[in-house]
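J.: Add chains B, C, D, E and F to chain A, keeping to what the hints say.
Okay, here's what each chain looks like letter by letter:
Number of protein chains: 6
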Amino acid sequence: MTISPISRYPVPELKDLPQDMRERILKVQEKSGFVPNVFLVLAHRPEEFRAFFAYHDALMEKESGLTKAEREMIVVATSAANHCLYCIVAHGAILRIYAKNPLVADQVAVNYRKADISQRQRAMLAFAMKVAVNSVAIDDADFTALREHGFTDEDIWDIGAIAAFFALSNRMANMISMRPNDEFYLMGRAPRL
Amino acid sequence: MTISPISRYPVPELKDLPQDMRERILKVQEKSGFVPNVFLVLAHRPEEFRAFFAYHDALMEKESGLTKAEREMIVVATSAANHCLYCIVAHGAILRIYAKNPLVADQVAVNYRKADISQRQRAMLAFAMKVAVNSVAIDDADFTALREHGFTDEDIWDIGAIAAFFALSNRMANMISMRPNDEFYLMGRAPRL
Amino acid sequence: MTISPISRYPVPELKDLPQDMRERILKVQEKSGFVPNVFLVLAHRPEEFRAFFAYHDALMEKESGLTKAEREMIVVATSAANHCLYCIVAHGAILRIYAKNPLVADQVAVNYRKADISQRQRAMLAFAMKVAVNSVAIDDADFTALREHGFTDEDIWDIGAIAAFFALSNRMANMISMRPNDEFYLMGRAPRL
Amino acid sequence: MTISPISRYPVPELKDLPQDMRERILKVQEKSGFVPNVFLVLAHRPEEFRAFFAYHDALMEKESGLTKAEREMIVVATSAANHCLYCIVAHGAILRIYAKNPLVADQVAVNYRKADISQRQRAMLAFAMKVAVNSVAIDDADFTALREHGFTDEDIWDIGAIAAFFALSNRMANMISMRPNDEFYLMGRAPRL
Amino acid sequence: MTISPISRYPVPELKDLPQDMRERILKVQEKSGFVPNVFLVLAHRPEEFRAFFAYHDALMEKESGLTKAEREMIVVATSAANHCLYCIVAHGAILRIYAKNPLVADQVAVNYRKADISQRQRAMLAFAMKVAVNSVAIDDADFTALREHGFTDEDIWDIGAIAAFFALSNRMANMISMRPNDEFYLMGRAPRL
Amino acid sequence: MTISPISRYPVPELKDLPQDMRERILKVQEKSGFVPNVFLVLAHRPEEFRAFFAYHDALMEKESGLTKAEREMIVVATSAANHCLYCIVAHGAILRIYAKNPLVADQVAVNYRKADISQRQRAMLAFAMKVAVNSVAIDDADFTALREHGFTDEDIWDIGAIAAFFALSNRMANMISMRPNDEFYLMGRAPRL
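Chains as they are written, first to last, in this note's numbering: chain A, 1 to 193; chain B, 1 to 193; chain C, 1 to 193; chain D, 1 to 193; chain E, 1 to 193; chain F, 1 to 193.
Excised from the complex, chain A in its bound form (with noise of 0.2 Å):
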């Protein structure tokens, strides 16, 4: 057995960082009780970091119409048909703690038709998968469909840029074969009470 680096390029220390990105980083490590590193990893392109987090944050940070659940189930459907190891395992460990349910990640990883999730969500992941495998074909019909589940044009904005936005993360973490810390896979697995 080999265990991978995680990063296939160098992964800078924190004290070299310039003070806005070690801040960032510090006060991620505070919330969460480690560095995710996917921000050691980014950080070795400093500009790049910077936009990536301020795009990130512009759509899973903000007030909208999708729960911080929902976001992250966009995140793990469409990373998985990307098949992107690091966003699958830390967004589905996210997602397990905003939706205080232990099974929902794998679930939505694997078939979102058969998730335990309302058929609004469903419908929501359904376009989220279109925009990620086959936007193309994006037409009006989806944009009625959605707006029959109840979601106005801005949450549709917002699922369609969360899967273009994971559409670039999915395909840096690849390219980079960025590693997820060991500590996501077990977050939020403790059983329902």
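Don't read these hints as lab results, they were simulated from the structure. Quick reminder that beta carbons are idealized off the backbone N, C-alpha and C, glycines included. A portion of the hints provided could be inaccurate.
Unchecked claim - Here are the simulated lysine-lysine pairs, BS3-like style, with alpha carbons at most 27 Å apart: (1) Lys15/B x Lys62/C; (2) Lys15/B x Lys27/B; (3) Lys100/D x Lys31/D; (4) Lys62/B x Lys15/C.
What the hints assert, rightly or not - Restraint-style ranges between C-beta atoms, simulated for each label pair: (5) His44/B x Glu148/F: 54 to 62 Å; (6) Arg120/E x Pro5/B: 33 to 41 Å; (7) Pro18/F x Val35/A: 48 to 56 Å; (8) Asp140/F x Gln29/B: 24 to 32 Å; (9) Leu186/E x Gln119/B: 18 to 26 Å; (10) Gln19/D x Ala190/C: 36 to 44 Å; (11) Ser118/E x Gln119/D: 51 to 59 Å; (12) Pro12/D x Val133/A: 44 to 52 Å; (13) Gln119/D x Asp140/F: 49 to 57 Å; (14) Pro18/E x Gln29/D: 13 to 21 Å; (15) Pro12/A x Pro5/B: 32 to 40 Å; (16) Ser32/C x Val11/E: 55 to 63 Å.
T.: The following block gives chains B, C, D, E and F in isolation, referenced to the frame of chain A:
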């Protein structure tokens, strides 16, 4: 949120099953601490049940040039290619336990090329995936490549037969909407010490 | 021109087989006039042989809402999707005989949508093909569509289980390079009178 | 069971056709003993009929480094990739006759890699299949590989042009629902002596 | 940068061609101001040349329920599906000229669903694309859908036949590495006034 | 004919935008002579706008081992794989200008294997396409192949990151139905002198 049932079809009660099936199931329950749903769900058709588990045991329980962990890797990798939730979750748990490795099941399910396994195991999984998704193209070169990794022709039969058996199993589980027991999700995830 | 052997693996002689296997094979020989190669080739692994044919018989020999010809249609259509020469040729012969129709096997193998079969049979094959190549997407709508053609849920299990069993069989035959007996190619082709 | 008609479109009567087309068809009838449906079905459009058969003859009747049996192998393999019943059945019959081999057509239609043909013929069919399904990726390496099997550049044009012509033919037959004559199914199937 | 030649094969000189071919080519040159490379490249095989252009003219020059611009849309959309540079560039130019629209060719080549064309034309292209990439699945419902847009059955034959003819043409051009004349890239791009 | 709008979503007016965004847009307008629609369309979401262009500039404006023309080749080739009209048309124009080559954009969009570019550039685009459509399969051999063409590991990151960023961009444009400005279609097409 809707919790889906364990099967689209009626699930017999243990007490109503023929003696041989009941004994088999009780033996598993004793060993695992619970009855994996596949036993209850497939018991709807006793003749098929008996053939299914006879086939399973002939491949998974026998002496082989493949370790039990390696056989479970084949199950997990090919079941992921077929998007079968039951087999990924249940056999992922068994793989973690046999391999004494809490990470390997998720790694193999997403991308065997980057899992923490040996080159020999990667070659094994590459062949298993070809059996699973493109068996028409199997040719002598595939056998040569595996022999170069030290696999005998009987080992190769084992690899292919496991991939083929779970091609059946995955399709049955997807048709039936077979639900994995909640217990499997957490099994074997305690971190290595 | 090279005539390929009937298997990549050693083929046991009838006289060296266990009693139960030899009896089964002699019975087939008596009925068909020759021993289909699948019996000899799979006899290389007695335990798997017994489970394989027990499973086969549980699906193909039992009482069912599907006629024997319909069950063979499922075999031929899905084996064509998997490009399995043995099953297309051998079960194509059986289909011609059961259906008393010299054309239907080739039609179903190439494009079930245009075969000389009923609309009900087309719906049956559409579902079998979904089980064969895209089982992740099976949902309630598939069951509803089949019920509208008069299929019971037990019939639907039969359709899916046959498609699933031959998913296994096709992959084994492709891995082993199992060669169909020359006799099958001509069987049942005498024109309708 | 419904027997489908030979075409979705009106089929002209022989007596109503222009002289040149009628003569061509009568000549085929004399040689084959029946009129293959492709002649009647395409006669619906005389100008296209004339161009179609002029093209066909320019490839299939001329002197070539490929035998007539080899040219029919190309037709059968690529028509199977396009799921065209008419061409598989009709040209399968012609292939069996030219090759004096009752098995080769079904073998080539399902998986040319395992047919009873030479390595040179397998290389020929690998290229024909690339022209049929992935012509964008053709490059110098494909030409080099064929030259190593002794094919001249003119032979390679022949291989590619036959695959290209039947790309047209298969699509026309599928659009028109062209039905093969019953006679083709049995032709050339008498066993080798 | 390497400028590739116009063909992998020898290109005959105009003066060495048979009279009928030379006349045809000179006529095109007079009309267009240059000789499109397809004429020179295919002239390597006179019989095939004659059949090719007879077929082309039978579809593209005749009276039809489709306008000439509509026929060129079919060529461009399906040639893009086949990744054929020659046909996209040359017929894109012709489409711009016939449609008096400098944008429509690029739009149709990338995604006909969003081109500045009518709903009727989108339905036409949806069918043409099905003929091009999935003709096995054509059925009565496709004909019904086109009739609802006012297409006659003869129009539908035209749509399908053009898609089928360029399935041939695209594969020939890709095999031969046929290079479009530089002139085509700019033709018809002057903005609308 | 219907001319589609430049976005499915409301497009803000320049005067209503925040100062930083307005300045950025006016600067582009000054340079190009018009405002590319992507600026107006994405301005609907200011935070995402800022992150998008920060990311874009970090990849496309910086010093790199790739020329600006090479970076645009990556955009055009991968955007074609994703069928994104906006990016093919707009970045095709930029590529023609940077490369001072009126043909290369259309060539790269259809089939980079046959474009008038160097072998090194073909290797670059082969990797970019793998990132775009099959990133799960990236492995060490891909890095080795690029290093043999003289690319450094930082160059490889650039190639992959551009392909990844436009995976995002293409999906956004397809979801939004972003329309390219008419001006782009003609830019850079004047023939080489």
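J.: Give a verdict on every hint.
T.: For each hint, the structure was consulted:
About 25 Å separates the Cα atoms of Lys15/B and Lys62/C, which keeps this hinted pair within 27 Å; it holds. The hinted pair formed by Lys15/B and Lys27/B meets the criterion: a straight-line CA distance of about 14 Å does not exceed 27 Å. Taking the CA atoms of Lys100/D and Lys31/D, the gap is about 18 Å. The hint holds against a cut of 27 Å. In summary, the hint linking Lys62/B to Lys15/C is supported, as the alpha carbons are separated by about 25 Å, within the 27 Å threshold.
Between His44/B and Glu148/F the beta carbon distance is about 58 Å. The supplied range of 54 to 62 Å therefore holds. Remark: the range hint 33 to 41 Å for Arg120/E to Pro5/B is contradicted by a beta-carbon distance near 47 Å. The hinted range of 48 to 56 Å is not satisfied by Pro18/F and Val35/A, whose Cβ atoms lie roughly 33 Å apart. Range check, Asp140/F to Gln29/B: Cβ separation about 46 Å, and the 24 to 32 Å hint is violated.
As the Cβ distance of Leu186/E to Gln119/B is approximately 53 Å, the hint placing it in 18 to 26 Å is violated. Between Gln19/D and Ala190/C the Cβ separation comes to about 39 Å, which falls inside the hinted range of 36 to 44 Å. Checked against the hint of 51 to 59 Å, the pair Ser118/E and Gln119/D passes, with Cβ atoms roughly 53 Å apart. About 47 Å separates the C-beta atoms of Pro12/D and Val133/A, a value consistent with the hinted range of 44 to 52 Å.
In this structure the supplied range 49 to 57 Å is violated for Gln119/D paired with Asp140/F, their Cβ-Cβ distance being about 32 Å. A hinted range of 13 to 21 Å for the beta carbons of Pro18/E and Gln29/D is inconsistent with their spacing of about 32 Å. Under the hint 32 to 40 Å, the C-beta atoms of Pro12/A and Pro5/B, about 51 Å apart, miss the expected range. For Ser32/C and Val11/E, the hinted distance range of 55 to 63 Å is satisfied, since their beta carbons lie about 60 Å from each other.
Hint violations for this structure: numbers 6, 7, 8, 9, 13, 14 and 15, all remaining hints satisfied.
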